[in-house]
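> Since chain Z is already given, all that's left is putting chains G, W and B on it; use the hints.
Number of protein chains: 4
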Amino acid sequence: MNALRLASLNGDHLGRSVISAGNVRFGEDFVVIAGPCSVESEEQTIKTAQEVKAAGANMLRGGAFKPRTSPYDFQGLGLQGLKILEKAKHATGLPIVTEVTDPRDVSWVSEYADVLQIGTRNMQNFSLLKEVGKLDKPVLLKRGMYSTLKEWLNCAEYILSAGNPSVILCERGIRTFETYTRNTLDLSIVPSVKETSHLPIIVDPSHGTGRLSIIESMSLAAMAAGADGIMVEVHCRPGEAMCDKDQAMSPDMFGGLMKKLTVLGSCMNKLNGKSPHRLGAGEP
Amino acid sequence: MNALRLASLNGDHLGRSVISAGNVRFGEDFVVIAGPCSVESEEQTIKTAQEVKAAGANMLRGGAFKPRTSPYDFQGLGLQGLKILEKAKHATGLPIVTEVTDPRDVSWVSEYADVLQIGTRNMQNFSLLKEVGKLDKPVLLKRGMYSTLKEWLNCAEYILSAGNPSVILCERGIRTFETYTRNTLDLSIVPSVKETSHLPIIVDPSHGTGRLSIIESMSLAAMAAGADGIMVEVHCRPGEAMCDKDQAMSPDMFGGLMKKLTVLGSCMNKLNGKSPHRLGAGEP
Amino acid sequence: MNALRLASLNGDHLGRSVISAGNVRFGEDFVVIAGPCSVESEEQTIKTAQEVKAAGANMLRGGAFKPRTSPYDFQGLGLQGLKILEKAKHATGLPIVTEVTDPRDVSWVSEYADVLQIGTRNMQNFSLLKEVGKLDKPVLLKRGMYSTLKEWLNCAEYILSAGNPSVILCERGIRTFETYTRNTLDLSIVPSVKETSHLPIIVDPSHGTGRLSIIESMSLAAMAAGADGIMVEVHCRPGEAMCDKDQAMSPDMFGGLMKKLTVLGSCMNKLNGKSPHRLGAGEP
Amino acid sequence: MNALRLASLNGDHLGRSVISAGNVRFGEDFVVIAGPCSVESEEQTIKTAQEVKAAGANMLRGGAFKPRTSPYDFQGLGLQGLKILEKAKHATGLPIVTEVTDPRDVSWVSEYADVLQIGTRNMQNFSLLKEVGKLDKPVLLKRGMYSTLKEWLNCAEYILSAGNPSVILCERGIRTFETYTRNTLDLSIVPSVKETSHLPIIVDPSHGTGRLSIIESMSLAAMAAGADGIMVEVHCRPGEAMCDKDQAMSPDMFGGLMKKLTVLGSCMNKLNGKSPHRLGAGEP
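Protein chains in written order, with the numbering used here: chain Z, 1 to 284; chain G, 1 to 284; chain W, 1 to 284; chain B, 1 to 284.
Next comes chain Z alone, as it looks inside the complex (with noise of 0.2 Å):
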């Protein structure tokens, strides 16, 4: 049964996850989720989908509970928040991911999404990979700022060995010394994760960098690294973005990453010897 399998290889024969939300497949697509931080309105949420959805992505993000640093920024929509993303899903027919930080709301939060978010922040809190342990959707987990990649795969157990087998690993920098950039990507997780586990591995640029001018060449990174997707920030309006405004992509730029990472796929396929791959929602 899949829901035994480990989080770590152990020289099993039996080949890389593949998880399924909506249309998309992890692990055998290259999949782009993009979206606003946080939903901030209808009219931004909705607007912001349809602009990524007709660049390409596959998939939309928008955060409704947002871990904020202090607790005097806004801390998100909530509820609203995720109706709004339901709305937006209607629009366009982007699968939704969204984060969730509290046990206490993984049930009612998992009628909206199609997968769940773990921050970096709750990587290792408990609790919640218990519960997300729990649902039968794809939950996507995130590298803890401060984590190595054994502790990282220890986290997915504690959700695999709750039965969930649907677990999609995501990493988004880690902290060193480094100031020019918010985090340091640390894009050589990719195949060490591949070497080490079955389950599929994204990249979130945005987070990783913190900086809008060189998101787009660690996107093209990420996806020669072998990473199975990216997950970027893009609003419509990003000056007027509630958080992270200085990472937010806008629609145009995000269009410009799309054509580069399609040619790039075709490449990449190439050197892999598969048949191309699906890039872009909305192709058969």
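FYI, nobody ran anything at the bench for these hints, they're computed from the structure.
Every residue gets a Cβ at the ideal spot worked out from N, C-alpha and C, and that includes glycine.
Nothing false has been slipped in among the hints.
Quick partial rundown of chain B residues pointing at chain G, CB under 7 Å, derived from the structure: (1) D186; (2) V263; (3) C267.
Below, chains G, W and B alone, put in the same frame as chain Z:
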């Protein structure tokens, strides 16, 4: 009203916070918290409590909910552990500090604990912080192993702004490249907290170093740096400890440490122009 | 005059620096430097040089002076090693990059080297930087394993301000808490250098990861991130290497990497709207 | 023969090394080294030397060669600075410690210095280590800001194995993610050195914190942790210091620190069962 005071000093002249738990006063006395990493049995817990009480500890620590790296490690005795702690408290008179990891457990755990501990992995578990912010019991907030001073004080602010003014900070080592010690104990955070906040700060040299042989030196250094107390792991039979075996002091070692702290404490009081403060429980 | 140009861009419109070594042009071509960690014998060095040349490398690396953690480890062959490198150059036509560690050696080592390397431990060895700043040969300046972007560019500035405009930067991994890899290869520094400096930047995935199995992925990622080249360790008989045995590629592995880089290079040129650039030595 | 003793203890029973410089004995007395970051003028240096001598310092520090991040910063007075230090020594009787950064300078700098300092950026400058290894003068070896205990002791080994048994280690803070302090002073390295090596270890809280207001606390903590001394920056007019202005103590502050160290020193001697050791120069 105290609850509205910010964690950070802003040039106010309200003096340092003093936080009471039983007959212990954080911020006034030098507080020594001792006990096993985890509650394993009634016999082990009560015996250890009696030993540390005899040596002069002011408070008993012991984990009933253990956040462990792997889901297959011992996770603690839960409610049964709390009941054992209650017995140990009755047997010795020592107030209890124990960790809470899930917001759903906060209200009932608080019936057993005199001080609730938030562990390093949960420092930014904002749901949990908000929940303990509703209590009128002190909270011991450990520093995240990846956390800056500013982020830590913001987490204290989550608790204060929710209405609970009684936060005790606890330095427990940060994550660096050094591998000789388990973490790097950052004693410079002690005077840094003193100049930026009114909250008391204690030091955990057991987790901070992970190396039994240097805990005594770092305990003395913590006192000299101006800490308001220490928290150390003591086990009546260290070799049998179910977690953190390598950093658990024997009662004898702990007794030796207490003697040195008493001598150094008198010296520090002289340096600071204070009348001798209490060190060790049960003194008048 | 070129020598007075600062390492940091200051809104000037002078374009990116192109630095020549033999027939190699850093900042224009994608340069592949390959060879053994240390020169061990004439046979080993020439054989390795011929293998990497055949696979398409542009330049030969090899250490004659090895800065080793322990004084009891192999310290390199010194002058004898340089003479062997000279023979390998004659045998293959590949220009040579080799490390210099002492300011007293700079002038005579520069008679053998086409590019002088400053290693990570010497990034802030200012006496050495000033000395190579007097040469009219290119300098490959590795990033200190503890160094920020700003500090690194300041070290380049030491060389430039001494009169030598030909500095090539090389990312080789920084020191973090992660232990799965030997260092954490920071590819985000590549686009960061591109937006703050006109100097070329290459990547060393061998030291950057210390793990043979992920060097290929990180080489591809470096190219996709926009690097101007890579430097990799190749040994004709990796199992016998006297240093860094665990990260030395066999000629076969290196050949496989070169094939993939060639395919990816064409793709990157297309993305960047450039005509196909040279990859691999010996092309016209 | 002493010179062949390894830096690391290997279960030998030869006791801890005691290293003499003038009338100062590292490893036996608690040594206080004080003085300006850099020698700026004869008046400034002699005045500062007289002030720290009056307050009880045992040794004078002062830089004639300054390794600076930028080539455009003040680089020190060189030979002229050494001659000023010589005058300050004659004026006060304090032995001198000063940094050497270039192997070509070692022999003539050693004519002026009682102890030669190797700075944090040069910890792994092996040419320099081998050169000071030929001297029969003590060497103060600062820990690299990126260096593990094991690497540090290996650098000491470079000096010892070259024939010079007189190495004093100096902790000066490591690089972490915390930005409140300039570096993170790792006091746990003090007892770690004590249990793995016979060499004396002192602490530099000025560079270790970069924050004037917490130097006193960290100096006391260093003593309590078991350090063999401290090195602090003192300037007769801190506001005018040409480098590290923000961490230079005034003579008054330093005087206050010395009084506290004297009280604490007596207490530590009592704890360690030693007869009162000397603190402050000029005592019989």
